[in-house]
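Protein sequence lines correspond, in order, to chains P and F.
Count the first sequence with the UniProt record's numbering and you get residues 1 to 356, in order.
Count the second sequence with the UniProt record's numbering and you get residues 1 to 283, in order.
Simulated from the structure, these hints should not be mistaken for lab results.
Given the structure is predicted, the values throughout are model-derived calculations rather than measurements.
Careful: at least some of the hints might be erroneous.
Claimed, not checked - Here chain P is said to cover these stretches of chain F; the calculated rule only asks that three of the stretch's residues, wherever they fall, bring their Cβ under 8 Å from a Cβ of chain P:
#, stretch
1, 36-45
2, 71-80
3, 230-237
As the list claims (entries may be wrong) - Among chain F residues calculated to face chain P with C-beta under 7 Å, some are:
#, residue
4, Arg137
5, Arg143
6, His145
7, Gly260
8, Gly261
Note that CB positions come from ideal geometry on N, CA and C, so glycine has one too.
So you can see what is in the structure, the chains are spelled out below.
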Amino acid sequence: MYVATKGGERAIGAAHAWLAEVRRGNPDLPELTAAQVEAQLGLAVDRVMAEGSCHDRGLAALAVKQARGDLIEAAFLLRAYRTTLPRFGASTPLDTNAMALQRRISATYKDLPGGQVLGPTFDYTHRLLDFCLAAAGGSPGGAPEAEASTAPSPRVTEMLAREGLMQREAPVEAEPGDLTREPLSFPADRPLRLQALARGDEGFLLSLGYSTQRGYGGNHPFVGEIRMGEVAVGFTPPELGFEIDLGDITVTECQMVNQFKGSRTEPPQFTRGYGLVFGHGERKAMSMALVDRALRAEELGEAATAPAQQQEFVLSHCDNVEATGFVEHLKLPHYVDFQSELENVRTMRASVEAGR
Amino acid sequence: MSHDPGYNFAYLDESTKRMIRRAILKAVAIPGHQVPFGSREMPLPYGWGTGGIQVTAAILGPTDVLKVIDQGSDDTTNAVSIRAFFRRVAGVATTERTAEASIIQTRHRIPERALREDQILVYQVPIPEPLGRLEPRIAETRRMHAMADYGLMHVKLYEDIARHGHIATSYSYPVMVNGRYLMSPSPIPAFDNPKMDQMPALQLFGAGREKRIYAVPPYTSVKSLDFDDHPFRPIRAPQTCELCGSRDTYLDEVLTDDVGGRIFVCSDTDFCTERQAVREAAE
Chain P
1 MYVATKGGER AIGAAHAWLA EVRRGNPDLP ELTAAQVEAQ LGLAVDRVMA
51 EGSCHDRGLA ALAVKQARGD LIEAAFLLRA YRTTLPRFGA STPLDTNAMA
101 LQRRISATYK DLPGGQVLGP TFDYTHRLLD FCLAAAGGSP GGAPEAEAST
151 APSPRVTEML AREGLMQREA PVEAEPGDLT REPLSFPADR PLRLQALARG
201 DEGFLLSLGY STQRGYGGNH PFVGEIRMGE VAVGFTPPEL GFEIDLGDIT
251 VTECQMVNQF KGSRTEPPQF TRGYGLVFGH GERKAMSMAL VDRALRAEEL
301 GEAATAPAQQ QEFVLSHCDN VEATGFVEHL KLPHYVDFQS ELENVRTMRA
351 SVEAGR
Chain F
1 MSHDPGYNFA YLDESTKRMI RRAILKAVAI PGHQVPFGSR EMPLPYGWGT
51 GGIQVTAAIL GPTDVLKVID QGSDDTTNAV SIRAFFRRVA GVATTERTAE
101 ASIIQTRHRI PERALREDQI LVYQVPIPEP LGRLEPRIAE TRRMHAMADY
151 GLMHVKLYED IARHGHIATS YSYPVMVNGR YLMSPSPIPA FDNPKMDQMP
201 ALQLFGAGRE KRIYAVPPYT SVKSLDFDDH PFRPIRAPQT CELCGSRDTY
251 LDEVLTDDVG GRIFVCSDTD FCTERQAVRE AAE
């Protein structure tokens with residue numbers, strides 16, 4: 001009789017064994033190491049750290065390997081590990097002004113103190129498949145080197161603010177909330193919104209940011225500045241009472257400059273959209289800055305009519321681990337509910353038939 | 001049995017368990033009210049029962065006997081997986097017998113056998129908000145709960161009747177708890193709703209992704225919404241169980257070929273096995 005009621009445990013075991021086999025792939029080829037992933041698939045590692053909201057290149061690389069390159073699955077692995085870690089405190093705010101820059105560009109000025117630094121970017125590559133890379137073995141000739149510039153590179157938005165043209169952010173003394181410890185409630189303040197966006201899905205934020213450009217909550221953005229490089233992470237242990245340097249991490253920061261016509265209380269000035277992500281994640285940082293600015297609609301007295309401006313919509317749906325879980329759970333058995341729907345539809349059809 | 005020494009008993013650290021227990025106590029004190037809690041990221045995906053798993057982890061003790069069912073059955077893959085998770089991280093005894101379990105974690109069903117005072121039923125909940133399909137904004141539904149403003153739901157049910165002649169909701173059928181809070185019973189079939197009313201066992205509901213816990217204390221009134229002239233009617237397939245002959249339990253329809261062949265069997269596999277044994281003994 002066809003009633004499969006036993007065997008779940010064995011089937012799961014077999015599925016896991018098969019998964020391990022396909023993960024390894026053709027055993028005639030050398031196995032990929034986590035160190036190779038970390039060194040050569042660096043942007044995948046960066047994205048997993050950002051969306052897994054855990055800065056650890058080695059673990060992120062391991063997650064990419066374990067997830068067979070599925071980056072959302074890798075972010076999930078990293079998040080699940082992150083939850084088990086003890087939380088011993090919060091760092092002091094990162095000083096991105098003191099960043100050791102690898103890349104720094106402004107779209108609002110032709111030249112500016114500190115200069116424009118292209119850095120390792122795809123921007124002006126011609127997207128032609130490089131068949132030399134397919135024939136492994138060659139190593140690149142090496143990039144030309146120069147003395148590191150010691151000239152300060154002040155932030156573009158700060159220079160505008162000194163002139164009174166850029167709205168300054170009101171400093172908040174209160175300890176920012178932590179959405180991984182306390183459930184998000186609405187309306188959420190900006191620190192919480194930025195937290196959610198920083199670990200949000202790159203694709204989701206990209207499309208939402210894009211929608212603001214196409215008129216759904218647009219706010220005329222300029223890239224004031226994108227900078228990428230290493231910043232020091234400082235921490236003040238309570239037993240020491242003074243700040244110590246925990247080490248450097250690479251981050252990408254984007255500050256968008258947006259028009260603001262002014263309101264009854266505010267003069268016309270520029271307003272800021274802010275994005276910050278772990279690693280080299282320019283697309284994500286820019287998208288985040290667009291969405292951050294869109295979510296400020298209410299506080300700036302703008303009509304919040306577009307999806308990108310509605311914080312409950314954006315913040316409830318930007319997390320890809322949550323989203324993938326709920327979308328994919330539809331493949332779990334639902335036959336009990338389906339059965340009651342079957343009976344329901346049969347009853348409805350019978351009453352339609354009877355009424356004819 | 002011992003648990004995996006790499007993790008705290010039942011996976012969660014003790015301060016997280018305490019936070020969840022506080023949410024549970026609050027939920028028990030306000031039957032049917034959704035209590036926000038600091039849901040953690042679990043090593044199983046959202047949608048697979050992370051809320052129920054966290055609730056179970058928070059209340060589980062070393063002497064508990066755990067039963068896990070999905071669709072009424074102990075052997076659906078996800079039930080097997082969750083049971084294996086707790087065997088590994090808590091080392092507790094597990095069972096497939098409803099009568100032997102002290103904690104039963106379930107997805108989509110309430111066991112057919114009546115539960116006792118010394119048992120706890122933990123539901124996995126995908127969408128805790130019963131008003132969610134009518135009003136997606138949580139900020140707004142919280143206000144509606146606070147004001148007990150449930151007119152929208154009554155209108156929806158009325159529209160069902162006007163359009164179809166009867167209420168067209170067959171699962172996740174909304175209930176009123178203790179005469180105050182509208183509550184989602186989780187996606188159990190409406191057939192199971194009456195079992196919630198005045199149940200001697202404590203009923204706990206965990207929604208991990210939505211970060212909510214709610215509860216129905218023992219012997220609490222749970223009424224399915226209806227109208228005087230359109231009373232609530234539980235739906236089940238009208239057939240008889242092929243295996244145990246039951247005519248009053250919830251049945252699964254199983255296709256046996258592609259030309260319309262089908263049989264009906266109990267969804268609650270433990271209950272069905274028991275009835276089969278009774279029937280065999282009688283023969």
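Status of the hints after comparison with the structure:
Only when three residues or more bring their CB closer than 8 Å to a CB of chain P does the claim for the stretch 36-45 of chain F stand; here the count is 9, and the claim holds. For a cut-off of 8 Å, the count of residues in the stretch 71-80 of chain F with a CB near a CB of chain P stands at 9, and the three-residue condition holds. A count of 3 residues in the stretch 230-237 of chain F with a Cβ less than 8 Å from any Cβ of chain P is obtained; the coverage claim is therefore met, three being the minimum. At its closest, the beta carbon of Arg137 of chain F sits 6 Å from a beta carbon of chain P; the interface hint therefore holds under the 7 Å criterion.
Annotation: interface hint on Arg143 of chain F violated; nearest CB of chain P at approximately 11 Å, more than 7 Å. The criterion of a C-beta within 7 Å of any C-beta in chain P is not met by His145 of chain F, whose closest approach is roughly 14 Å, and the hint is violated. Hint on Gly260 of chain F is violated. Least Cβ distance to chain P is approximately 14 Å, over the 7 Å limit. Nearest Cβ of chain P to the Cβ of Gly261 of chain F: about 9 Å, over the 7 Å cut. The hint is violated.
The structure is inconsistent with the numbered hints 5, 6, 7, 8, although it conforms to all the rest.
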